[in-house]
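Chains as they are written, first to last, in my numbering: chain G, 434 to 782; chain L, 76 to 388; chain B, 9 to 524.
Hints are computed from structural coordinates only; laboratory data are not their basis.
Do not take every clue at face value.
What the hints assert, rightly or not - Here are the computed lysine to any residue pairs in the SDA-like style, where the Cα-Cα straight-line distance is at most 20 Å:
id: 1; chain 1: G; residue 1: Lys439; chain 2: B; residue 2: Ala412
id: 2; chain 1: G; residue 1: Lys679; chain 2: G; residue 2: Pro609
id: 3; chain 1: G; residue 1: Lys439; chain 2: B; residue 2: Ser418
id: 4; chain 1: G; residue 1: Lys648; chain 2: B; residue 2: Asp224
id: 5; chain 1: G; residue 1: Lys679; chain 2: B; residue 2: Arg377
id: 6; chain 1: G; residue 1: Lys439; chain 2: B; residue 2: Leu416
id: 7; chain 1: L; residue 1: Lys377; chain 2: B; residue 2: Arg282
id: 8; chain 1: G; residue 1: Lys649; chain 2: B; residue 2: Arg375
id: 9; chain 1: G; residue 1: Lys515; chain 2: B; residue 2: Gly363
id: 10; chain 1: B; residue 1: Lys44; chain 2: B; residue 2: His103
id: 11; chain 1: G; residue 1: Lys700; chain 2: G; residue 2: Thr571
id: 12; chain 1: B; residue 1: Lys130; chain 2: L; residue 2: Thr245
id: 13; chain 1: G; residue 1: Lys439; chain 2: L; residue 2: Thr245
id: 14; chain 1: L; residue 1: Lys377; chain 2: B; residue 2: Ala283
id: 15; chain 1: G; residue 1: Lys439; chain 2: B; residue 2: Cys407
id: 16; chain 1: G; residue 1: Lys648; chain 2: B; residue 2: Trp389
id: 17; chain 1: G; residue 1: Lys679; chain 2: G; residue 2: Asn725
id: 18; chain 1: G; residue 1: Lys649; chain 2: B; residue 2: Cys407
id: 19; chain 1: L; residue 1: Lys323; chain 2: B; residue 2: Thr394
id: 20; chain 1: G; residue 1: Lys679; chain 2: B; residue 2: Arg342
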Amino acid sequence: MRLEAKPAPGLAATLAYPLGAILATLLIASLLVLIAGASPFNVFWLVLKGAAGSQFALVETLTRATPLIFTGLAVAVAFRAKLWNIGAEAQLYIGAVMTVVLGTGAVAAPSLALIPLIMMCAMLAGALLLLGPAILKTRFGVDEVVTTLLLNFIVILFVSMLLEGPLKDPMGLGWPQSKRVVAEAQLPRLIQGKRLHFGFVIAIVSAVATWVILKKTVFGYEMRAVGHNAEAARFAGIPVNRVLMKTALLSGGLAALAGFSEVAGLKGNLTLDLSPGYGYTGIVVAMLAMLNPLGVIVAAIFVAGIFVGADAMSRSAGVPSYIAQVMVATALLTMVTAIMLSRFRIRWR
Amino acid sequence: MEAFEILWQTSFWVAAIRIASPLIFATMGELICERAGVLNLGIEGIMTAGAFAGWITVYAGGDLWTGVLVAALTGAAFGLLHGVLTVPLGLSQHVTGIGITLLATSLTYFTYRVALPEVTSPPKIEPFQPWAIPGLSEIPLVGPALFNQTPLTYLAYVVVAVVAWMLYRTPAGIAVRAVGENPAAVEAQGISVTMIRIGAVMAGSALMAIGGAFLTMSAFNSFFFEMINGRGWICIALVVFGSWRPGKALVGAILFAAFDAYQVRLQQVTGGVIPYQIFLMMPYVLSILALIAVARRATYPKALMVPYQKGER
Amino acid sequence: MTPSSGGEAETVLRLSGITKRFGPLTANDAISLELKRGEVVALLGENGAGKTTLMNILFGHYVADEGSVEAFGRPLPAGEPRAALSAGIGMVHQHFTLADQMSVIENIALGTQRLFSPRFDKAKARQRIETLSSDFGLAVHPDALISDLSVGERQRVEILKALYRDARILILDEPTAVLTPLETDALFATLKKLVASGLSIIFISHKLHEVMAVSDRIVVLRSGRIAGERRTSDTTRPELAALMVGGDIAAPAVTEHAPGGTMLELEDIHTAGRAGGAPLDGVSLSLRAGEITGLAGVSGNGQAALAALIAGTLRPERGAMRIGGETINRWSAREALRRHIGRIPEDRHAVGMIGDMNVTENVISERYRTRRFSRNGFLDWRSAETFARGIIDDYDVKCPSPDARVRLLSGGNMQKLILGRALDGDPQIILANQPTRGLDVGAVAYVHSKLLEARKRGAAILLISEDLDEVLALSDRLVVISKGRLSPPSKRGELTVQQIGELMAGHGLEDPSHAA
Numbered sequence: 434m435r436l437e438a439k440p441a442p443g444l445a446a447t448l449a450y451p452l453g454a455i456l457a458t459l460l461i462a463s464l465l466v467l468i469a470g471a472s473p474f475n476v477f478w479l480v481l482k483g484a485a486g487s488q489f490a491l492v493e494t495l496t497r498a499t500p501l502i503f504t505g506l507a508v509a510v511a512f513r514a515k516l517w518n519i520g521a522e523a524q525l526y527i528g529a530v531m532t533v534v535l536g537t538g539a540v541a542a543p544s545l546a547l548i549p550l551i552m553m554c555a556m557l558a559g560a561l562l563l564l565g566p567a568i569l570k571t572r573f574g575v576d577e578v579v580t581t582l583l584l585n586f587i588v589i590l591f592v593s594m595l596l597e598g599p600l601k602d603p604m605g606l607g608w609p610q611s612k613r614v615v616a617e618a619q620l621p622r623l624i625q626g627k628r629l630h631f632g633f634v635i636a637i638v639s640a641v642a643t644w645v646i647l648k649k650t651v652f653g654y655e656m657r658a659v660g661h662n663a664e665a666a667r668f669a670g671i672p673v674n675r676v677l678m679k680t681a682l683l684s685g686g687l688a689a690l691a692g693f694s695e696v697a698g699l700k701g702n703l704t705l706d707l708s709p710g711y712g713y714t715g716i717v718v719a720m721l722a723m724l725n726p727l728g729v730i731v732a733a734i735f736v737a738g739i740f741v742g743a744d745a746m747s748r749s750a751g752v753p754s755y756i757a758q759v760m761v762a763t764a765l766l767t768m769v770t771a772i773m774l775s776r777f778r779i780r781w782r
Numbered sequence: 076m077e078a079f080e081i082l083w084q085t086s087f088w089v090a091a092i093r094i095a096s097p098l099i100f101a102t103m104g105e106l107i108c109e110r111a112g113v114l115n116l117g118i119e120g121i122m123t124a125g126a127f128a129g130w131i132t133v134y135a136g137g138d139l140w141t142g143v144l145v146a147a148l149t150g151a152a153f154g155l156l157h158g159v160l161t162v163p164l165g166l167s168q169h170v171t172g173i174g175i176t177l178l179a180t181s182l183t184y185f186t187y188r189v190a191l192p193e194v195t196s197p198p199k200i201e202p203f204q205p206w207a208i209p210g211l212s213e214i215p216l217v218g219p220a221l222f223n224q225t226p227l228t229y230l231a232y233v234v235v236a237v238v239a240w241m242l243y244r245t246p247a248g249i250a251v252r253a254v255g256e257n258p259a260a261v262e263a264q265g266i267s268v269t270m271i272r273i274g275a276v277m278a279g280s281a282l283m284a285i286g287g288a289f290l291t292m293s294a295f296n297s298f299f300f301e302m303i304n305g306r307g308w309i310c311i312a313l314v315v316f317g318s319w320r321p322g323k324a325l326v327g328a329i330l331f332a333a334f335d336a337y338q339v340r341l342q343q344v345t346g347g348v349i350p351y352q353i354f355l356m357m358p359y360v361l362s363i364l365a366l367i368a369v370a371r372r373a374t375y376p377k378a379l380m381v382p383y384q385k386g387e388r
Numbered sequence: 009m010t011p012s013s014g015g016e017a018e019t020v021l022r023l024s025g026i027t028k029r030f031g032p033l034t035a036n037d038a039i040s041l042e043l044k045r046g047e048v049v050a051l052l053g054e055n056g057a058g059k060t061t062l063m064n065i066l067f068g069h070y071v072a073d074e075g076s077v078e079a080f081g082r083p084l085p086a087g088e089p090r091a092a093l094s095a096g097i098g099m100v101h102q103h104f105t106l107a108d109q110m111s112v113i114e115n116i117a118l119g120t121q122r123l124f125s126p127r128f129d130k131a132k133a134r135q136r137i138e139t140l141s142s143d144f145g146l147a148v149h150p151d152a153l154i155s156d157l158s159v160g161e162r163q164r165v166e167i168l169k170a171l172y173r174d175a176r177i178l179i180l181d182e183p184t185a186v187l188t189p190l191e192t193d194a195l196f197a198t199l200k201k202l203v204a205s206g207l208s209i210i211f212i213s214h215k216l217h218e219v220m221a222v223s224d225r226i227v228v229l230r231s232g233r234i235a236g237e238r239r240t241s242d243t244t245r246p247e248l249a250a251l252m253v254g255g256d257i258a259a260p261a262v263t264e265h266a267p268g269g270t271m272l273e274l275e276d277i278h279t280a281g282r283a284g285g286a287p288l289d290g291v292s293l294s295l296r297a298g299e300i301t302g303l304a305g306v307s308g309n310g311q312a313a314l315a316a317l318i319a320g321t322l323r324p325e326r327g328a329m330r331i332g333g334e335t336i337n338r339w340s341a342r343e344a345l346r347r348h349i350g351r352i353p354e355d356r357h358a359v360g361m362i363g364d365m366n367v368t369e370n371v372i373s374e375r376y377r378t379r380r381f382s383r384n385g386f387l388d389w390r391s392a393e394t395f396a397r398g399i400i401d402d403y404d405v406k407c408p409s410p411d412a413r414v415r416l417l418s419g420g421n422m423q424k425l426i427l428g429r430a431l432d433g434d435p436q437i438i439l440a441n442q443p444t445r446g447l448d449v450g451a452v453a454y455v456h457s458k459l460l461e462a463r464k465r466g467a468a469i470l471l472i473s474e475d476l477d478e479v480l481a482l483s484d485r486l487v488v489i490s491k492g493r494l495s496p497p498s499k500r501g502e503l504t505v506q507q508i509g510e511l512m513a514g515h516g517l518e519d520p521s522h523a524a
């Protein structure tokens with residue numbers, strides 16, 4: 434068999450491929466649900482109801498989508514330049530650490546000054562964390578996949594060390610958790626009494642800004658050129674290494690915002706279970722969105738919906754909630770296959 | 076200096092070899108894949124799936140070797156999926172590999188919950204027991220470390236020898252190396268690049284899964300979530316560190332394991348002055364440092380991560 | 009015309025009505041061909057005439073849309089290199105198919121022993137290789153790594169690969185492109201021995217003199233069709249040349265005119281090697297306004313390094329570089345562009361264009377930072393698209409719109425985009441590295457006319473080509489490169505092809521102080 438490039442499909446066809454991928458994912462998930470001894474239709478209905486069936490469910494889904502938008506954007510930006518940042522998890526935690534360091538009373542300022550300051554510092558910390566692997570890649574040729582993956586483990590241990598040491602909450606009854614951030618450092622809730630917070634708005638704004646960067650700016654153009662063909666980019670005089678560094682800064686910064694928003698908007702303090710793998714799930718979100726920043730919003734809400742819905746479903750239908758993770762992983766694989774099929778035609782002979 | 080005395084403890088060397096065993100399996104597995112030109116980032120998930128598959132087989136009444144076989148087949152199945160997606164379809168090996176890891180891990184957890192819905196702590200199995208090799212195991216220091224281990228550890232060393240022999244001394248191995256260097260050379264000699272690559276990825280993935288199974292069936296006696304804990308990623312670093320050669324990768328794995336065993340004991344010796352997390356970080360930091368050290372002179376298989384299409388040169 | 013009317017020689021290979029289309033392009037159009045035992049058939053044609061496609065179909069790399077292949081009277085299943093191999097067909101590809109980090113034995117015996125046998129029988133393979141080497145004059149060390157071999161030796165390994173499998177039909181695709189004249193003679197001697205032992209050979213080439221020297225029969229391909237078939241003893245070079253180009257495209261008319269001042273000057277430049285080729289070892293050269301300087305040489309002798317140097321992607325380690333009289337200190341691709349060097353790279357797919365970006369995005373890639381295309385970090389897509397449309401119109405690029413992905417364009421149209429990008433703003437210095445490789449005759453003529461146009465308006469042009477005929481046809485001055493050193497420049501027509509051949513082999517270039 435052989436793959437042949439084909440012209441870009443029209444809008445309808447472009448949407449058909451992701452839908453096909455989702456359909457394939459549902460089919461595979463149905464099989465697992467059957468194995469678990471439940472009815473797929475019932476299970477999917479419960480997932481849907483749990484994700485979007487009530488105001489509570491919807492709010493919960495959007496809340497869960499917030500960190501995924503940030504990590505999805507981080508991955509989308511990096512993958513555009515073929516910088517394989519698999520370390521969004523670590524960058525998220527570093528962003529959270531920064532938020533706790535500055536937000537628990539070390540700096541006293543009104544909200545309007547303190548929150549932007551914390552945001553900037555969190556972004557900077559995440560950016561610098563990814564700069565390391567980017568420098569190792571460009572200077573020494575060390576594969577960034579492995580370094581960013583290993584950094585995830587290092588950073589989690591680092592956070593654990595901080596939580597049992599300098600950042601430990603003296604009132605925490607021995608639990609490894611930080612103090613709570615002061616009121617001025619907390620993001621306001623969007624709806625009184627609900628968990629959805631201003632971090633969601635920041636996420637949407639970030640997505641739009643990232644879209645503008647990719648589509649409209651010189652930097653975005655450089656990033657895409659480097660990602661598609663670094664050698665041709667270098668020949669055309671595009672400073673490939675510098676572009677990769679800048680991409681790393683942007684990507685790391687975006688991922689760090691996830692940590693900032695979770696601490697300042699939702700949890701209020703830092704614990705070791707702040708992220709149930711948002712960094713890794715960000716990869717799925719980015720791929721489902723075909724690396725389009727605006728698509729990341731949709732994909733993140735979709736993925737968050739699966740997680741939230743599956744939690745609810747699991748309580749009532751007895752199918753393990755891990756089905757959500759299986760679906761998300763399957764969606765990643767079916768989606769990359771669908772993207773390939775939308776660009777190439779398979780000729781068997 | 077207590078820190079140095081550790082090196083003379085028999086238990087330290089026994090532990091080092093035990094820690095090395097799963098790494099050796101998985102490193103050899105990744106090495107085969109990469110020698111054929113396919114990066115397999117599914118390793119972490121495949122090890123998880125292998126650990127579970129072997130353990131649950133024994134828990135369900137199978138004998139230990141059947142468990143190893145089931146683990147290997149599970150690994151090969153995920154290898155087949157990775158191979159089909161990355162070789163004929165030419166999907167990004169990075170993204171697909173991560174996808175395989177996510178899929179294998181989540182499927183494992185899902186299956187665990189479906190199979191054992193009620194349990195709160197995972198049930199134990201009767202794992203492999205050490206086989207003392209008469210005579211040799213009585214040599215001081217080296218004896219217990221090398222010759223009083225479980226059969227799976229011995230198998231790990233056999234696997235290194237077999238992989239080395241296969242890659243350099245058999246027609247199939249020569250084809251694997253050639254396909255990682257220049258697939259067109261293989262195609263021109265009438266061998267299917269797709270078949271060789273998928274076959275290598277399946278074989279490699281089977282070894283990774285056995286590496287995972289070592290943890291549940293030899294090192295410990297039960298399955299825990301997140302028990303692979305980054306070992307797969309470390310094996311990828313070990314392959315680079317070993318310059319894609321089985322012998323060097325073996326040395327790397329043992330060195331690494333010795334260091335890991337050492338830091339655990341050093342932790343006890345230093346008695347909590349240094350936070351224990353620093354010690355736990357060391358293996359990961361060491362892997363990154365090893366990568367930096369060898370990166371400059373690393374000679375990658377030339378076609379690594381380069382998809383191949385027939386007739387394209 | 010039916011060759012060998014005596015009729016005793018059996019037909020070993022028969023291609024009937026082979027047609028192959030790639031999208032809108034018909035690479036092979038109903039081609040039929042026969043090969044007799046002990047015969048050398050030359051497949052002659054310009055680049056892009058469809059020779060390589062035809063042979064790839066024969067060997068099973070491609071599957072024909074129509075037609076069939078028969079070897080030794082038995083039909084050959086399509087799309088299976090293995091079937092071609094076992095039918096006794098061996099192919100020496102233009103780009104060698106060897107694994108560099110493996111030994112000669114391993115490369116040759118790959119796939120000849122049962123894949124899952126527990127042991128690779130090295131001794132048997134070695135013995136057979138040594139026998140074949142001595143029988144046919146193909147000296148090569150069986151245990152050497154391919155990466156340590158010269159290009160000529162690698163080609164011998166390729167031929168041995170075919171012989172090792174008892175090939176009765178040998179296909180050689182442009183075998184002399186990488187050889188020095190001396191090595192070419194050795195190859196021809198080997199081919200004679202092979203034919204004497206009963207092999208049949210298809211020799212693919214676009215070089216008339218070689219075809220005349222080596223073949224019994226010549227089949228000329230033009231634009232995917234058979235343009236004619238002649239017995240070698242009954243034809244002449246001019247007749248073949250006319251068949252090749254179809255007579256309707258005249259050789260480029262180069263009018264004499266006096267060159268202007270020096271635009272770019274290299275003085276005793278030393279560099280690292282590039283793309284596996286030789287490094288530059290004391291190169292001095294000046295490019296003058298209104299003049300095409302042609303660079304001839306066997307590939308891998310430093311052309312890649314010289315091209316990279318001028319394109320700005322390689323910095324000299326030693327030596328001086330002056331542009332318009334000004335000594336250059338900081339050198340980069342960006343600097344080269346800032347100094348108005350138009351650059352046509354060797355590999356348009358891998359280096360010249362970004363296949364997955366669209367036409368607009370590709371044509372601005374060298375200039376996107378200028379005020380014409382961007383303000384305050386934001387791109388002016390409207391201006392960029394206008395520019396793209398301009399190039400599409402001016403250079404007659406066939407593409408659906410400026411939004412089309414470049415990957416979907418043909419090689420000729422891609423090259424036109426590169427020309428449009430490189431020649432925008434009338435650069436005073438132009439680097440044209442293999443500007444016509446793989447293009448069809450019409451596109452070749454178009455590229456030539458654009459280069460001559462630039463020459464006419466006073467640009468200083470360096471033309472690097474492996475095609476000696478192209479270099480000779482276009483250049484005002486000729487320099488020959490060998491092992492990273494340049495011959496003194498010679499005027500148009502000053503040297504005979506034989507003398508150029510000797511320079512290509514490195515004779516007379518030992519002392520770098522000779523250089524211009």
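Comparing the hints with the structure gives:
1. Between Lys439 of chain G and Ala412 of chain B the alpha-carbon distance is near 11 Å, which keeps this suggested pair within the 20 Å criterion.
2. Taking the CA atoms of Lys679 of chain G and Pro609 of chain G, the gap is near 35 Å; set against the 20 Å cutoff, the hint is violated.
3. A threshold of 20 Å between alpha carbons decides the hint, and for Lys439 of chain G with Ser418 of chain B the separation of about 13 Å falls inside it, so the pair holds.
4. Simply put, Lys648 of chain G and Asp224 of chain B have alpha-carbon atoms about 60 Å apart, too far for the 20 Å limit, and the pair is violated.
5. Restraint check for Lys679 of chain G and Arg377 of chain B: the C-alpha separation of about 17 Å stays at or below 20 Å, so the hint holds.
6. Taken as a hint, the Lys439 of chain G and Leu416 of chain B pair is honoured in the structure, with Cα atoms around 7 Å apart against an allowance of 20 Å.
7. Restraint check for Lys377 of chain L and Arg282 of chain B: the C-alpha separation of about 17 Å stays at or below 20 Å, so the hint holds.
8. With a C-alpha separation of about 16 Å, the suggested pair Lys649 of chain G and Arg375 of chain B falls inside the 20 Å cut-off, and the hint holds.
9. Restraint check for Lys515 of chain G and Gly363 of chain B: satisfied, since their Cα atoms lie roughly 15 Å apart, inside the 20 Å limit.
10. A threshold of 20 Å between alpha carbons decides the hint, and for Lys44 of chain B with His103 of chain B the separation of about 27 Å lies outside it, so the pair is violated.
11. A hinted pair counts as satisfied when its Cα atoms are at most 20 Å apart, and Lys700 of chain G with Thr571 of chain G does not qualify at roughly 37 Å.
12. Taking the CA atoms of Lys130 of chain B and Thr245 of chain L, the gap is near 10 Å; set against the 20 Å cutoff, the hint holds.
13. Restraint check for Lys439 of chain G and Thr245 of chain L: the C-alpha separation of about 41 Å exceeds 20 Å, so the hint is violated.
14. Among the hinted pairs, Lys377 of chain L with Ala283 of chain B is consistent with the structure: their alpha-carbon atoms are about 14 Å apart, no more than 20 Å.
15. With a C-alpha separation of about 14 Å, the suggested pair Lys439 of chain G and Cys407 of chain B falls inside the 20 Å cut-off, and the hint holds.
16. For the hint pairing Lys648 of chain G with Trp389 of chain B, the CA-to-CA distance comes to about 10 Å; that is within 20 Å, so the pair holds.
17. In summary, the hint linking Lys679 of chain G to Asn725 of chain G is supported, as the alpha carbons are separated by about 19 Å, within the 20 Å threshold.
18. As the CA atoms of Lys649 of chain G and Cys407 of chain B are separated by approximately 24 Å, the hinted pair breaks the 20 Å bound.
19. With a C-alpha separation of about 58 Å, the suggested pairing of Lys323 of chain L with Thr394 of chain B is violated against the 20 Å cut-off.
20. Proposed proximity of Lys679 of chain G and Arg342 of chain B is supported: the alpha carbons are some 19 Å apart, at most 20 Å.
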